[in-house]
Amino acid sequence: MEKGMNLTLIVWRQKDAKSAGSFATYAARNVSPDMSFLEMLDVVNEGLALRGEEPIAFDSDCREGICGTCSCVINGVAHGGQKATTACQLHMRKFRDGDTLTIEPWRAKAFPVVKDLVVDRSSFDRIIQAGGFVSVRTGGTPDGNAIPVSKEDSDLAMDAAQCIGCGACVAACKNASAMLFVSAKVSHLGLLPQGKVEQDWRVLNMVKQMDAEGFGACTVTGSCEAVCPKEITLDNIARMNRDYGVATAKGK
Amino acid sequence: MNIVNNLFHSTLGKKYLMALTGAGLFGFAVIHMLGNLQVFLGPEALNRYAHFLQSNKELLWPARFGLLAMVALHIWSAVKLSAENKAARPVGYLNDPAPPAASYASRTMLMSGLIVAAFIIYHLLHFTVKVEPVNLTGRDFDDLHVLDNAGRSIHDVHQMLVIGFQQPVVVLFYIIGVGLLCLHLSHGLSAMFQSLGLRNKAWWPALQQSAKAAALLLFLGYIAVPVAVLLRLVK
Ligand code: HEM
Ligand code: FES
Chain A
3 MEKGMNLTLI VWRQKDAKSA GSFATYAARN VSPDMSFLEM LDVVNEGLAL
53 RGEEPIAFDS DCREGICGTC SCVINGVAHG GQKATTACQL HMRKFRDGDT
103 LTIEPWRAKA FPVVKDLVVD RSSFDRIIQA GGFVSVRTGG TPDGNAIPVS
153 KEDSDLAMDA AQCIGCGACV AACKNASAML FVSAKVSHLG LLPQGKVEQD
203 WRVLNMVKQM DAEGFGACTV TGSCEAVCPK EITLDNIARM NRDYGVATAK
253 GK
Chain B
93 MNIVNNLFHS TLGKKYLMAL TGAGLFGFAV IHMLGNLQVF LGPEALNRYA
143 HFLQSNKELL WPARFGLLAM VALHIWSAVK LSAENKAARP VGYLNDPAPP
193 AASYASRTML MSGLIVAAFI IYHLLHFTVK VEPVNLTGRD FDDLHVLDNA
243 GRSIHDVHQM LVIGFQQPVV VLFYIIGVGL LCLHLSHGLS AMFQSLGLRN
293 KAWWPALQQS AKAAALLLFL GYIAVPVAVL LRLVK
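As given, the protein sequences belong to chains A and B, one line each in that order.
The first sequence lines up with residues 3 to 254 when you count with this note's numbering.
The second sequence lines up with residues 93 to 327 when you count with this note's numbering.
Quick caveat, the hints were computed from the structure, so don't treat them as lab data.
Any given hint could turn out to be false.
When the alpha-carbon atoms are kept at most 16 angstroms apart in a straight line, the in silico EDC-like pairs for lysine to aspartate or glutamate are as follows [claimed, not checked]: (1) B:Lys293 / A:Asp202; (2) B:Lys293 / A:Glu154; (3) A:Lys254 / A:Glu215; (4) A:Lys210 / B:Glu176.
Label pairs and their in silico Cβ distance ranges [as the list claims (entries may be wrong)]: (5) B:Leu152 / A:Asp157: 39 to 45 angstroms; (6) B:Ala137 / A:Ala86: 25 to 31 angstroms; (7) A:Gly253 / B:Ala137: 46 to 52 angstroms; (8) A:Val138 / B:Leu152: 27 to 33 angstroms; (9) B:Ala175 / A:Gly146: 48 to 54 angstroms; (10) B:Asp240 / A:Gly253: 50 to 56 angstroms.
All residues carry an ideal CB built from backbone N, CA and C; glycine is no exception.
Extracted from the complex, chain A is given alone in its bound form (with noise of 0.2 angstroms):
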C-alpha cells in the first residue's frame, strides 16, 4: 500500500469562550490523500483521544458541502482555498507531503469563539429573524403557476438561494463583513413576486441587524466571492445596495 503523507499541523486551541486561546502543533502522520480534510482531523483526534488528550473541538454535519456548518481557516484562507469547495469537501490531495497547515477559527467579532475551532454563527441566525423571510398567509395550496416568475429572475434568485450561511465570506473579508451572506438572502427573496412586497422592510431591517451584530462594512475587496463555497457574487451586494437606496429615498 502507498505510503500516506506526513503534515504539521499548527491548530488553534481555546478551552470555552471566556479563556485565551494559543497555538498547539500536531504531528498528523500517514494521512491518505483521499480523505477529506475533516477527516484527516477525526484521525488526529483518535490519536489525541488515545494519548488522554482533548480531541481538536470542529464543527461539521453533513460532510457533502449542503449545511454550512464546517468552518475552518486553514492557511489564512477560510475553506482552504480550493473553489467553490466547503472544508468538509476539500481533499487531502489538495497538499503535498511535508507540509505545515494552520488551522484557525473564523475570526470575526460577531462570531465569537466557543471551543477552538468552533465558532457561534448565531448571529446570522438573528439577522435572518430580521427579515430573511416572507409573509403569506396560510390557507388553500395555491395554484402552481398563479404567479409568473421570469426565467432569468428565478434564476438569479436560485443563485442566490445557494447560500449555506457558512460565514466563509465573514471570514475572509478584511473587514469581517457580512455583506455577501446578507446581500444573498436580501437578493433570493427579493426578485420573486412573492418576496418583493416586503423589500423595502427587509433590506432595511436586515442591514439594521447586520450592523448592531457588529460586522463590518464591505470595500468591494472581493475576497468574500472567492472563498465562497457556493459562488455568490458582488453582483448581489450592488443589487442590495440598491434595493437600500431605494428603501431609503421613499422615506422607509
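Following the hints, position chain B with the ligands against chain A.
Chain B with the ligands alone, transformed into the frame defined by chain A:
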C-alpha cells in the same frame, strides 16, 4: 428623519456618503486637471483662466465651501467606517495573511486617502495660500504679476508654476501625491458604482477596467504639468 438616519447611522448609508462625495471630488479632480492643462496653451490662456476663477468671488467661495464639505464628509465616513471595520475583527489570523483576491489599492484605501489629504494641504499652502517657505524657491509667489489684455495687473500663475516646478523635490511630492490619488481612484471609481448599486453583472468588468483607465489618465494629465516644467518644455 429616516433618510438621515439610514445615511449616517448605517454601514451602507456611510458607503453611500463616501461614494457620493467621492464622485463629487472626482468630478472636481477632472475639471481641475483640464484647467491645469491650459499651461500648454501658453501663459495668456492660463492666466486668463486663473483670473476668471479668482475674480468670481460669488462662485469661488460657494465652490470652495462645497468642496470642503465633500472632503469633510468623505473623510468622516472613511475614518468612521475604518474604525468599525477594525473593531469587527478584534483577533486576526496567524501571520496576517493577505485577504484573498483583494487588490493592493483596495486594501490601502484609508492610507492612500490620508496621504492624499496631507498632499492637498501642502498643495493649498503651496499655490493657493502661497506660503513662501513651503515652495523651497526662496521667492514669494504673491509678488508675481503680469498685465492682461485690458492692461490690468493680474496674478502671473504661469510664472508661478514655472518657478515652483523647477524644484525637483516639489515635483517629487506632486508625483507621489497624485500617484496615490490615482491608486485610490483605481479602486474607488468602480467601488463607487458598487456602493450606490448602480451596476449589474454586464457592466462590472467594464466598470473595473474603466476605473483603472480613468485613474491612469488622471495621473498622466496631472503630472504632465510639473514634469514638463522640470524638463524645461514649458518656460
Ligand atoms: C480628491 C480626493 C479624493 C477623491 C476624488 C476620492 C474618491 C473616492 C471614491 C470615488 C471612493 C469610492 C467610494 C466607495 O467606496 O463607494 C473613495 C473611497 C474611499 N476614500 Fe476617497 N477620495 C479622495 C480623498 C480621500 C481622502 C482624503 C481620504 C482620507 C481619509 C479618503 C479615504 C477613502 C476611503 C477610506 C475610501 C473607501 C474605502 C472603503 O470602501 O472601505 N479618500 N474615495
Ligand atoms: S459539513 Fe456541511 S458543508 Fe461542510
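Hint-by-hint comparison with the structure:
1. Of the pairs offered as hints, the one joining lysine 293 of chain B and aspartate 202 of chain A is violated, with about 22 angstroms between alpha carbons and a cut-off of 16 angstroms exceeded.
2. A C-alpha spacing of about 13 angstroms is found between lysine 293 of chain B and glutamate 154 of chain A, which places the hinted pair at or below 16 angstroms, so the restraint holds.
3. Our distance criterion of 16 angstroms between C-alpha atoms is broken by lysine 254 of chain A and glutamate 215 of chain A, whose separation comes to about 22 angstroms.
4. A C-alpha spacing of about 14 angstroms is found between lysine 210 of chain A and glutamate 176 of chain B, which places the hinted pair at or below 16 angstroms, so the restraint holds.
5. Checked against the hint of 39 to 45 angstroms, the pair leucine 152 of chain B and aspartate 157 of chain A fails, with Cβ atoms roughly 53 angstroms apart.
6. Between alanine 137 of chain B and alanine 86 of chain A the CB atoms are about 58 angstroms apart, so this pair departs from the stated range of 25 to 31 angstroms.
7. For the pair glycine 253 of chain A and alanine 137 of chain B, the supplied restraint of 46 to 52 angstroms holds, since their beta-carbon distance comes to about 48 angstroms.
8. Distance hint check for valine 138 of chain A and leucine 152 of chain B: the Cβ-Cβ separation is about 59 angstroms, which falls outside the suggested range of 27 to 33 angstroms.
9. At roughly 51 angstroms, the beta carbons of alanine 175 of chain B and glycine 146 of chain A sit within the given window of 48 to 54 angstroms.
10. A hinted range of 50 to 56 angstroms for the beta carbons of aspartate 240 of chain B and glycine 253 of chain A is consistent with their spacing of about 52 angstroms.
This entry does not satisfy hints 1, 3, 5, 6 and 8, going by the numbered hints stated previously.
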